[in-house]
Amino acid sequence: RFVFFDFECQQDSGDHIPNLCVLQLCCHFCIQSKDPCPYCDSYWNQEKEMVMKGPDTLDQVGRWFIRLAGRRMVEGGTANRNVKKSSQVICVAHNFKGYDGILMMQTVHKHAIAAPEVIMTGGKKGYFPHFFNKPENASYVGPYPPQETCDPDGMNAKEREKFLKWYHERKQDTFDFSREILAYCQSDVDILRRSCGEFRRIFLNDTGIDPLASSMTLAAACNRVYRTHYLPLDTISII
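Under this note's numbering, think of the first position of the sequence shown as 1448, with each following residue one higher.
It is possible that some hints are incorrect.
When the alpha-carbon atoms are kept at most 16 Å apart in a straight line, the in silico EDC-like pairs for lysine to aspartate or glutamate are as follows [said to hold, decoys possible]:
#1 Lys1581 - Glu1627
#2 Lys1581 - Asp1623
#3 Lys1481 - Asp1637
#4 Lys1495 - Asp1482
#5 Lys1612 - Asp1598
Hints are computed from structural coordinates only; laboratory data are not their basis.
Given these sequences and hints, build the entire structure.
This is how it looks when you write it as C-alpha cells:
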C-alpha cells in the first residue's frame, strides 16, 4: 500500500508553517487511478484522498501517520513498544529530503520515539503564490495576487520568462485562495502518485524488483538489480 502526500505552508513568519496537506491513498493495483479499488478500499475506510488543513495541520498529519503505523500514541513518545508496527505502507512525498520530509519527521519525532524509514525523493512544482499564503488571506477572493508572491526572482532566466508569460495570461482572473491552494496541492500529489506508479510498473516489468518497496534510492534499486541478475554466484563485487 502507498501514501502520497504534499504540504503547503505559510512562511510570513520566517518559518514554514503547514496549513494544508493532501494525502492520496492506494495500493499497487490502483496506484495510477482514483477509481474504487476492491483490494485496498476497506483498508483505507473507502477514502482515496484525505485533506488536512488549519493551524494544526502538521499535528493532524503526524497523528494520522502514527495511527497508520499501528503505534499507541502519547505526547512525546509511545505508551507501549509491543504494539505491532505496520510495515506494509510506503509513504512518498515530492521532496522528502529537503522539505516535506523535514516537516513530517518533526511531527513524527514529537509524537513517537522511533522514526519510520523514508524514501528521500523529490519533484518540481508548478506556479503558485506561496508568499501569499498567510492567515489573513485564507478567505481571499479577488484579483490574482502580485507576481512577486510567486518569487520570480528565485527562478532562472528561462523559467522566469516562462512564468511571466503564464502570469500575464492570468492576472485578470479571479483568484479564490482556498480553492486554488487545495487544487494546487491535489494536483501535486496526483502527479506524484501517477508518475511513481508508472515508474514502478516499468521497473518491475523489466527487472522483477519493486523499486519503491525494496530500496531507499534509485541507486540502491539499480544495485539490487545488479546483485540479483548479474552478479555471479559466490562472488564479491568491488566498486
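Satisfaction of hint between Asp1637 and Lys1481, Cα-Cα up to 16 Å: holds (9 Å)
Distance restraint between Lys1495 and Asp1482, which requires alpha-carbon spacing of 16 Å or less: Holds. Lys1495 to Asp1482 sits at ~8 Å (cutoff 16 Å).
Holds or violated: Lys1612 to Asp1598, with C-alpha atoms at most 16 Å apart: Holds, at roughly 14 Å.
Lys1581 paired with Asp1623 [C-alpha distance capped at 16 Å]: Since the Cα atoms of Lys1581 and Asp1623 sit roughly 14 Å apart, the hinted pair holds (cutoff 16 Å).
Restraint check for Lys1581 with Glu1627, where alpha carbons must lie at most 16 Å apart: holds (14 Å)
Checked against the numbered hints given earlier, the structure satisfies every one of them.
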